[in-house]
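Read off the chains here:
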Amino acid sequence: MSRTRVAITGLGVKTPAGCDLATFWDTLLAGRSCAAPIGRIDPAALPVRFACEVTEFDPTTYFDSKETRRTDRVVQLAFGAAADALADAGELGADPARCGVVAAAGVGGLITQEEQEYNLFSRGPSRVSPMLVPMMMPNAGAALVGMKLGWTGPNFCIVTACAGGTNAIGEAGRLIREGSSDVVLAGGSEACVTPIAIAAFARMGALSNRNDEPELASRPFDVDRDGFVMGEGAGFVVLEEWDRAVARGAHIYGELAGYGRNSDAYHVTAPSPGGAGAADCMRLALHDAGLEPGDIGHINAHGTSTDLNDAAEAEAVVKVFGERTLPITSTKGSIGHLIAAAGAVEAVASMLAIRDGVIPPTVNHGATEPDLAVDVVAGEPRKLAVAPVVSNSFGFGGHNASLVLKPNSE
Amino acid sequence: MDRDQILELLTDAAVEVMDVDREIVTADARFVEDLNGDSLSVLEILEILQEKLDVDLPTESFDGVSTVGQAADVIVKIVAERAA
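Sequence order for the protein chains is G and U. Under the numbering used here, think of the first position of the first sequence as 513, with each following residue one higher. Under the numbering used here, think of the first position of the second sequence as 15, with each following residue one higher.
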């Protein structure tokens, strides 16, 4: 018996590069940086005063005033992207009990949590909002998406730091393959452009310090990179059992063909030496897809613009694919690092790239660090023959996740 | 602060929290059955009143309260006790 195939039939994004697919894709192809001085809060006291924020999103498009007040921004972004993906997928005609939600979040409602901790410390426990728990819990996004849609199938949250969005899509594909669900909305969201998050990541030395030139700060695989740029946003995809998608005449972007996930089991923040864990993860995804390295057309890298990640990921790519054999791009040059949303948004970018046969450039990539034997797409978009793509995400904790997406050739 | 003023603040908060027309927020109106509320709505309204009055309104003081008027009575009592 042949394996159940998983179709991708809807895409939705709320990102610093745009809150609809066309704007998002145009921004990536134009190679534009979305980094700017932080606007949502006053960043004057922070060591890093810029980020990639979502400026075009209005939650009242998706929520009434009661829901808006009861949800953190991270949930509002999640539902916005999920609703857009669902609209993009068209009329599903699915049994709600066969519809699931898998949503990733890195920290959950940190904006709300910080406000309420301020209340706790400055005014006492009686001034802590009774809404804090349902607003801050990381699973609030998954819960709310299911609730708003009335979907009663599997519903859970993935928390694997920066790998979350990719894990969510991969695990959602498994739900369809194992027969638990016919349709799954899968993705991730993050909204932690907040004082504590910026201060904490800066204290680790993970963030770029280019306060005077924010638009040049995120420069994946570049010799002058000095850290990642905090981003926020959400991405969701609609996954659907292939035959039902065909039967209902759905527009099928492509296929979720392979998924790999493993653990470095090495260090809480540093990648394993030589990118060994990441290399194994990509091999697992290729094996799952039944493909060879030579079948892949390009890689959407995790490419955070940190010293350690980019070096380890480049080594991993060389291990699996050879030196400079395969073009790689990092979406983070444009939109920064969306933490748990990153993998989901990058899966959307990967899908659009293989739909159109064009790889967006890695923004700010001027000169590849000499030790990194990878072919980084930079400057202009690069045309490619329509072929499967590997999209990588690697999270603090040593969580690795890779997807293989195939274009729809049917 | 008298009961009418508290009722006025409660009405403002109920309109905001439950997105209902002002006219239906009477003293006899029940938060859940009449005002589109749920188990969390009353807590949200009390949170707003705490800020406006700058007084602690412990949740347990409102056990058994179901109408706007009953809530006003409890708040009047708490405010009076604090002033005493």
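Honestly, the hints are just simulated from the structure, not real lab data. The reader is advised that the hints may include incorrect statements.
Every beta carbon over 10 Å from chain G, so not counted as near; a handful from chain U, in silico [said to hold, decoys possible]:
| id | residue |
| --- | --- |
| 1 | M15 |
| 2 | R17 |
| 3 | V31 |
| 4 | D33 |
| 5 | L57 |
| 6 | P72 |
| 7 | V88 |
Away from chain U, derived, C-beta distances all over 12 Å, residues of chain G [claimed, not checked]:
| id | residue |
| --- | --- |
| 8 | K578 |
| 9 | G636 |
| 10 | P646 |
| 11 | V830 |
Here are some of the chain G residues that sit facing chain U, going by a computed Cβ distance under 8 Å [to be verified]:
| id | residue |
| --- | --- |
| 12 | D576 |
| 13 | S577 |
| 14 | R639 |
| 15 | S641 |
| 16 | M643 |
| 17 | P805 |
The C-beta atom is built at its ideal place from N, Cα and C for all residues, glycine as well.
How the hints compare with the structure:
The Cβ of M15 of chain U lies farther than 10 Å from every Cβ of chain G, with a closest approach of about 19 Å, so its non-interface assignment holds. For R17 of chain U, the condition that its CB be more than 10 Å from all CB atoms of chain G holds, with the nearest at approximately 23 Å. Not every Cβ of chain G is farther than 10 Å from the Cβ of V31 of chain U; the closest lies at roughly 7 Å, contradicting the non-interface assignment. With a cut of 10 Å on Cβ distances, D33 of chain U falls inside the contact zone with chain G, its closest approach being about 5 Å.
Its beta-carbon lying about 4 Å from the closest one in chain G, L57 of chain U breaks the requirement of being farther than 10 Å from that chain. In this structure P72 of chain U is not separated from chain G by more than 10 Å, as the shortest Cβ-Cβ distance comes to only about 7 Å. Consistency note on V88 of chain U: stated as away from chain G, and its beta-carbon is indeed over 10 Å from all of that chain's, at 15 Å minimum. The beta carbon of K578 of chain G sits about 5 Å from the closest Cβ of chain U, which is not more than 12 Å, so the claim that it is off the interface is violated.
The beta carbon of G636 of chain G sits about 8 Å from the closest Cβ of chain U, which is not more than 12 Å, so the claim that it is off the interface is violated. The claim that P646 of chain G is not at the interface with chain U is violated, since a C-beta of that chain comes within 12 Å of its own (minimum 8 Å). A cut-off of 12 Å between C-beta atoms confirms that V830 of chain G is not in contact with chain U; the least separation is 54 Å. Because the closest C-beta pair between D576 of chain G and chain U is about 6 Å apart, less than 8 Å, the hint holds.
The interface hint given for S577 of chain G is met, as the beta carbon of that residue sits about 5 Å from the closest beta carbon of chain U, less than 8 Å. Because the closest C-beta pair between R639 of chain G and chain U is about 7 Å apart, less than 8 Å, the hint holds. Because the closest C-beta pair between S641 of chain G and chain U is about 6 Å apart, less than 8 Å, the hint holds. With a least beta-carbon distance of about 6 Å to chain U, the hint placing M643 of chain G at the interface is held under the 8 Å criterion.
With its C-beta approaching chain U no nearer than about 53 Å, P805 of chain G sits outside the 8 Å limit, and its interface hint is violated.
Hint compliance for this structure: hints 3, 4, 5, 6, 8, 9, 10 and 17 are not met, and every other hint is.
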